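Participant: Whenever a hint applies, use it, and build me the whole structure from the sequences.
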Amino acid sequence: SQTIHQWPATLVQPVGSPLSLECTVEGTSNPNLYWYRQAAGRGLQLLFYSVGIGQISSEVPQNLSASRPQDRQFILSSKKLLLSDSGFYLCAWSTLDSGANVLTFGAGSRLTVL
Amino acid sequence: GNSVTQMEGPVTLSEEAFLTINCTYTATGYPSLFWYVQYPGEGLQLLLKATKADDKGSNKGFEATYRKETTSFHLEKGSVQVSDSAVYFCALSDRYSSASKIIFGSGTRLSIRP
Chain A
1 SQTIHQWPAT
11 LVQPVGSPLS
21 LECTVEGTSN
31 PNLYWYRQAA
41 GRGLQLLFYS
51 VGIGQISSEV
61 PQNLSASRPQ
71 DRQFILSSKK
81 LLLSDSGFYL
91 CAWSTLDSGA
101 NVLTFGAGSR
111 LTVL
Chain B
1001 GNSVTQMEGP
1011 VTLSEEAFLT
1021 INCTYTATGY
1031 PSLFWYVQYP
1041 GEGLQLLLKA
1051 TKADDKGSNK
1061 GFEATYRKET
1071 TSFHLEKGSV
1081 QVSDSAVYFC
1091 ALSDRYSSAS
1101 KIIFGSGTRL
1111 SIRP
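Protein sequences, first through last, are from chains A and B. Mapping to the numbering used here: the first sequence position 87 is 87, numbers consecutive. To convert, count from 1 in the second sequence and add 1000; that's the numbering used here.
Everything labelled a hint here was simulated from the structure, so no lab data went into it. Hints are not guaranteed to be accurate.
Said to hold, decoys possible - Among chain A residues calculated to face chain B with C-beta under 7 Å, some are: (1) GLY43; (2) LEU44; (3) LEU47; (4) GLY99; (5) ALA100; (6) VAL102; (7) LEU103; (8) PHE105; (9) ALA107; (10) GLY108.
Keep in mind it's a predicted model, so treat the numbers as computed, not measured. The beta-carbon is built from N, C-alpha and C at its ideal position, and this holds for glycine as well.
Facilitator: Here it is, written out as structure tokens:
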């Protein structure tokens, strides 16, 4: 069966420090991968999605970046964190189910920037 | 571009009450529509989906009907339970496209009183 792992689960970082959140998927090949952010009191914002190795689409210009060095690995990074980067980050992969593009989410990574 | 609008929360109901959470969308073509649920401290999971007009998605006593004429996909449940307390997200994606963006509404927090 397919599983998705995210780490770390919780992270507290000072402003200006770097960030690396990692997501890996098991049990499938060539998945479409996504990074979403859920800020406090706000909805789910699509940050990046990827249809293959090295292929990244960015949805929101900001100081975050994403990379996909391997088929089932998706990394979210920042060189210098801002206070506004605090939030709950969710990785997901998608599959077509009866013609619908269904997402399966990881458990999330909660980032607090101080 | 595509967008999803859902009713503002929080919504607080007593156990066994009838629930409606409104969701309307704007999209080109014929999107697939979804409801995802996020229980406290967890990532999101698919609740139900519909892929074409007049389809009814259902799961765990929840239902939603794809209404093309009103561009709506309202979530309903006849008798809610305390365990239904969660945040509910309406979402859409391009139909039959595995490499597509999946757009979410802002989420509606539901609290059920015993």
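Participant: With reference to the structure, classify each hint as holding or not holding.
Facilitator: Structure-based check of each hint:
1. GLY43: It holds, given that the least Cβ distance between GLY43 (chain A) and chain B is near 3 Å, below 7 Å.
2. LEU44: holds, 4 Å
3. LEU47: Hint violated; LEU47 (chain A) Cβ to chain B Cβ min 11 Å, cut 7 Å.
4. GLY99: holds, 5 Å
5. ALA100: holds, 4 Å
6. VAL102: holds, 6 Å
7. LEU103: holds, 6 Å
8. PHE105: holds, 4 Å
9. ALA107: With Cβ-Cβ at 5 Å, under 7 Å, it holds.
10. GLY108: Holds: closest Cβ of chain B sits about 5 Å from GLY108 (chain A), inside 7 Å.
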